[in-house]
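Colleague: Read off the chains here:
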Amino acid sequence: MRRTRSFMSPALLFALTLGLAPAARAADPIFNIGVLHEFRIVMDPKDWSSLTRDFLSNQYYAANISVDGEVLQQVGIRSRGKGSRSGTKPGLLVDTNKYVTNQEFHGLKKLVLDNVTQDNTFLHEPLAYPVFEAMGIASPALSYTRVTVNDEYWGVYWLIENIDKNFLSARLGDKEGNLFKYEYIEDYRFQDKGSDPRAYLAIFQPETHEDKPDATALIQFIQAANNAPETGFAAAMGQYLDVDKFLTYIAVENAIAGQDGFLGLQGMNNFYLYQFTGQTKFVFIPWDQDTSFVSASWPVLQRVDTNVLVRKLLADPAKKQFYLDQIKAAAARAVNSAFLMPKLEANYSVMRNAVLSDTKKPFTNDQFETGVQGMRGVVGARQADIQSQIP
Amino acid sequence: MAGLLVALPAAAQQPEQGKGWVFGPGARVARPGLQFRLTGYVQEDLRSFHDYESPNGELPALSTDTELRRLRSGLEVEWGRLSLDFNYDFHDSVEHLKDLTLEIKIVKGLHIVGGDMKLPVSPEWLTSAAKIDFIERSLLASALAPGRDWGVELTGEPFKHFNYQVGVFAGDDRTGQARADTTVAGRLEYSFLKGLALGVNGSQGQVHADAQDVSNSLAHGASVHAPSGFRIYERHFVSGTRRRLGTDLQYRYKSLGLGGEYLQMTSERNGQGSVFDDLPREVARGWSASATWLVTGERKTRTIKANHPINHGGIGAVELGVRYDALKVDDDGPDSGFEGAGNRARNIRPVGGQTWTAGLSWWPIVFLRFSGNAIWERYDDPLLAPVPGQKGGYTTLLARLQFVIP
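Just so you know, the protein sequences line up as chains B and E, in that order.
For the first sequence, our numbering assigns the number 1 to the initial residue and increments by one for each residue that follows.
For the second sequence, our numbering assigns the number 392 to the initial residue and increments by one for each residue that follows.
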């Protein structure tokens, strides 16, 4: 069988290994957040009616799309989202590979069109990911796009990089391991759910190796987090995590006042978990950050005692200090006006007019403008709030 | 099984009827009025794919490189006018039971067969996988022909040179996702010259699917895969009448075999539109033509027996073959509106493919067959081809080792 081999230069491999590789897709023109993109969908009008009517269904429909004039034929489109599912302004998942074998668009096989129905500012997620990135946490690229379906304007969407093998390869330098997407079903906070893999795979849904999902290491990780004594807990977790990186991830979530993340109000939510190939080590990847920046006043230790993994890690004074240091670092590096305000204003400038003419959004234009103004307040005051809590 | 075959003495190759229990070909036991015959075969396939990789080095989903394809065992029992046929596959992951039939021979022109059997459509499909000319069946036989199902069939030769099979079945594929409900099927064959036979066949059944039943989201339309395993056509949602109509022509003269077959399957799509509207019918048409030649001079029959097997100092039987086959799927509605590949598309984006197959088979002894095939695939729609933008050709090399109790 003839197969193509690709050879990577040692220098590039070294850079990837160190995590120094640039956010490959972030540099792609379709994720240029500095411009408003044009995403056009052409499909059978009846199919679109069905998609909007049965927006809870995952039925795919064939469509042709163009992004900034670049055409792709016979992609699969379906409704997507969890709490954000909508028939008025449906979130969309575009699968370039559904009908056309190995069809890619800028190296992507899936495109996520987030309908922004839970953020009246259109700013939370676009400002959250740069903070994760500034703190060394790989996160998806994002841009703003107008979406039209059969030439009808359906509003402003976020075009978000899908977490897939391409993302893993570009950002983590490894793609053959087990990727799980956390699917919110119930209030779950990393408790031991027994030894049946099905109990875990229902919420940690496999995104790679779907035919033969392997939850062995995941179960070991969760059970170890529950059963290991607090003494030496961080060392024990070192088998499954880069503990400092995980604490940085949690620190960012609280620095940006994230309401619905790993330490979510109603349990864990909105992340991917990747197990490196041939290892038991996992890494967390943020997702769906549209409920971040909910307030300028947000406890830096918000809900850290509600999750067994975080609670036991922070029981170690050294790790707690590291966590607090990372929040301070986040505030100094990214959660401040100097870093975020120019981005906020640039994003606002890019999408404002399109948002105002977006009649599908579940907010009024006044709510949008008020929300943006409120966001300016959060961005302007959040750093000081953190500093007041961690002098 | 191989051990059993080897253990059989060469002297016991000819059955002796009427002398108590006698070992016959393979494993056959006979006594007056009652005969038992053990049947079975094993097939191991090897595949190699060429030209399927895309510029970024990825391969589409194809069949596996090596595969134990079939591990069949069966028993045939004859007692007067009654005969029982039982076939079981130990390897099939979907359903082990293949055939289970009881036949009553009333007169030559009327046999009644009941049980689980192949529906009488497409002679290629009705031929045992151990005896087909090429390693893979033609596109029409693999994608459009029905499967096995429980039913009652009348068959026989009421007139000289005229055979028929007609039956009523519980469905058209007992284990298939696309199964229709009660299906009638039949095949008529007339040999109007020595060695030349013309057949017509067809089936009709009702497929029931409720598009509004979200708990039943399986599509019941045709699923078309190329011999390489590449998906040519995604299964669509259908509901209503499924009708097959086909014709075939077979010619055998000494060592030469020629064959041609056409089969069309139409499926209604009542209420299967994305807004539960009726859609134009799905129409799939396939045809094939093949030629085989036993270069070692044996007569072309369904079971090939070498004139000079290697255990008698010969070279066995060698057959060369070539086949062309093609299949297209479209709808019978107006060619307007968005032409989509989706499984509820009103205007189905037409797809199709053609294959050329060159084959070589060698029977060193009656129990053993080695086959090698080279298959060249080409696709009508370059966008939906294995490598987008490239219609063909895509080459698959196949090899098969087969042990059989003939």
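Worth flagging that the hints you see were computed from the coordinates, not collected in a lab.
One or more of the hints may lead you astray.
[What the hints assert, rightly or not] When the alpha-carbon atoms are kept at most 27 Å apart in a straight line, the in silico DSS-like pairs for lysine-lysine are as follows:
hint, chain 1, residue 1, chain 2, residue 2
1, B, Lys110, B, Lys193
2, B, Lys109, E, Lys696
3, E, Lys782, B, Lys110
[Claimed, not checked] So, partial list: chain B residues that the calculated Cβ filter (under 8 Å) puts toward chain E:
hint, residue
4, Asp44
5, Tyr61
6, Glu70
7, Val71
8, Gln74
9, Tyr99
10, Thr101
C-beta: ideal position from N, C-alpha, C; glycine also.
Colleague: Mind listing which of the numbered hints don't hold for this structure, in increasing order?
Modeller: The structure breaks hints 1, 2, 6, 7; every other hint is satisfied.
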